[in-house]
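*Asks:* This is what each chain is made of:
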Amino acid sequence: MKYLMLINAALDADGAPTGCSTPEDWMLFDKSLKEAGVYAGGDSVADFTTAATVRVDERGERLVTDGPFAESREVLGGYFVLDVPDLDVALDWAARCPGSRDGGSIVVRPLAGYGG
Amino acid sequence: MAGRGSRSRLTLEAVFREERGLLLAALVRRFGDLDLAEEVTSEAIEAALVHWPAEGVPPKPGAWLMTTARRKAVDRLRRDQAYAARLAVLQVEAERAAPVPPTDGGLPDERLQLFFTCAHPALPAEDRAALTLRCLAGLTTAEVARAFLVPSATMGKRIVRAKNRIRTLRIPFRVPDADELPGRLPGVLQVVYSIFTEGYAASSGPDLQRLDLAEEAIRLARILRRLLPGEREVAGLLALMLLIHARHNARTGPHGDLVLLDDQDRTRWDHAMISEGAELVVAALTGGPPGWYGVQAAIAALHDEAPDVASTDWPQIVALYDVLRGLAPSPVVELNRAVAVAMRDGPAAGLALLDGLAHEPRLSGYSPFPAARGDLLSRLGRHAEAAVAYREALELAGTEPERVHLRGRLEAVGREER
Chain A
1 MKYLMLINAA LDADGAPTGC STPEDWMLFD KSLKEAGVYA GGDSVADFTT AATVRVDERG
61 ERLVTDGPFA ESREVLGGYF VLDVPDLDVA LDWAARCPGS RDGGSIVVRP LAGYGG
Chain B
1 MAGRGSRSRL TLEAVFREER GLLLAALVRR FGDLDLAEEV TSEAIEAALV HWPAEGVPPK
61 PGAWLMTTAR RKAVDRLRRD QAYAARLAVL QVEAERAAPV PPTDGGLPDE RLQLFFTCAH
121 PALPAEDRAA LTLRCLAGLT TAEVARAFLV PSATMGKRIV RAKNRIRTLR IPFRVPDADE
181 LPGRLPGVLQ VVYSIFTEGY AASSGPDLQR LDLAEEAIRL ARILRRLLPG EREVAGLLAL
241 MLLIHARHNA RTGPHGDLVL LDDQDRTRWD HAMISEGAEL VVAALTGGPP GWYGVQAAIA
301 ALHDEAPDVA STDWPQIVAL YDVLRGLAPS PVVELNRAVA VAMRDGPAAG LALLDGLAHE
361 PRLSGYSPFP AARGDLLSRL GRHAEAAVAY REALELAGTE PERVHLRGRL EAVGREER
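In order, the protein sequences belong to chains A and B.
Per full-length UniProt numbering, the first sequence starts with residue 1, numbered consecutively.
Per full-length UniProt numbering, the second sequence starts with residue 1, numbered consecutively.
If you're looking for bench data, these hints aren't it; they were derived computationally from the structure.
Subject to a maximum C-alpha distance of 30 Å in a straight line, what follows is the list of computed BS3-like cross-link-like pairs (lysine-lysine):
1) A:Lys-31 x A:Lys-2
2) A:Lys-2 x B:Lys-163
3) A:Lys-34 x A:Lys-2
4) B:Lys-163 x B:Lys-72
5) B:Lys-157 x A:Lys-2
Label-pair restraints from in silico Cβ distances:
6) A:Pro-23 x B:Asn-164: 38 to 44 Å
7) B:Glu-400 x A:Gly-41: 55 to 61 Å
8) A:Asp-43 x B:Val-74: 41 to 47 Å
9) A:Lys-31 x B:Gly-398: 51 to 57 Å
10) A:Met-27 x B:Asp-35: 41 to 47 Å
11) B:Gln-81 x A:Ser-32: 34 to 40 Å
Only part of the chain A face toward chain B is listed, based on derived beta-carbon distances under 8 Å:
12) Met-1
13) Asp-86
14) Leu-87
15) Asp-88
16) Pro-110
Note that beta-carbon positions come from the ideal geometry of N, C-alpha and C, so glycine has one too.
The following block holds chain A by itself, in its conformation from the complex (with noise of 0.2 Å):
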């Protein structure tokens, strides 16, 4: 069963994800995802606070805006796929990913699979 983890990360007033967290934190998480057979994709968004949204009207217009999230205090961080059996491994994973930790939090999704 494949679920998808959604890092939001709380920012502060300059846009900074607050927290104390550092790419050695989220390295070792990395590291030991994929040692436990579990890792089944994942990646940080490049700007947390830089996001587009494309939307088609009814004629096939085009509409792009900025946004959603430009004014909100948690934004999308990045995420992760992860193959394990049921819910509560997947939320132990997510309870120790670095993203749930220092006001951020972690969805976690279950995907339909029919990607294979």
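Could you slot chain B onto chain A? The hints should help.
*Replies:* Leaving out everything else, chain B in the frame of chain A:
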């Protein structure tokens, strides 16, 4: 003849209500699918209702039901190959995680796993109690709907949604490991306690039905107690509910009005239930640091064991509120402690503590706070101030019996003032 027939059917239904949770839990454990388990459980019980009255109850009713249900599950899986393939994977994983314990004709008791699944933190809080009542107490969806005063169709949708969540998220059917148990057990206890308070609050609906709910919660706690005999907070929760429920006959007057603890006819309390609760309090408070439910139960036991208000062991109650304050500090605990101090040291001492809580935002709008002030002020002979406090409490009171009681107090201090 017909009368006897329907009576024996009722007896059988009572048996099934007991067996249903056990059977359902064993089948969920086996097939890893709550829906399938529920369907074949119902079918097996229907089959028993047809066969048992004619052929007699088999020597091992639980095993008979289990065999029948399993056969029906296999039939169903044969009909739906894709479903079967998916289930097979689940089942193999489950078997690998923990092999099915051998049985000697009886059913393995796997209700504990079901408790933890129904109370999983990934489910919305409102669904946890509903699911627990449906799966473990064996209530029908219509009965669960009545319990929460919502239309049956609404409850049906909620239960289906909760079961879908369990399946889609793949919430495991398991008892948390020893190191996680302290984190997860409070969630299960909270569900059972919320079912009880739903029954105790008696805010609306016919009284009898609410009492049923309180009794259902006690029955669930008894099951938990059997399954987790070493968990002191389980003992504490069961004790607390028994000690509160023991007073239910005396809690309402002849017209359904609220009778406060001070004015209750203590001969109408259930003394067998009180002594059972008191014994459990001992189990809850020995062998380690006390827990929230255990301390609350100990306070309830002191009230229940006193012949009247005056001879209640108030110093001990104050000491227990001190412990509770250390475990889970809250303005409501402070309020209750202040009332106990007033009983121990006199109304002036209690009032001083209450006035220290006046700035608490969580007590503004909480009617027991001005009601307690009114009580202490009137005992100090400050009737005009007491009237102001009672009027404030009256405005905040949520239920009619509460308002009736407060109007009575307001009139009484009014008479004193004149």
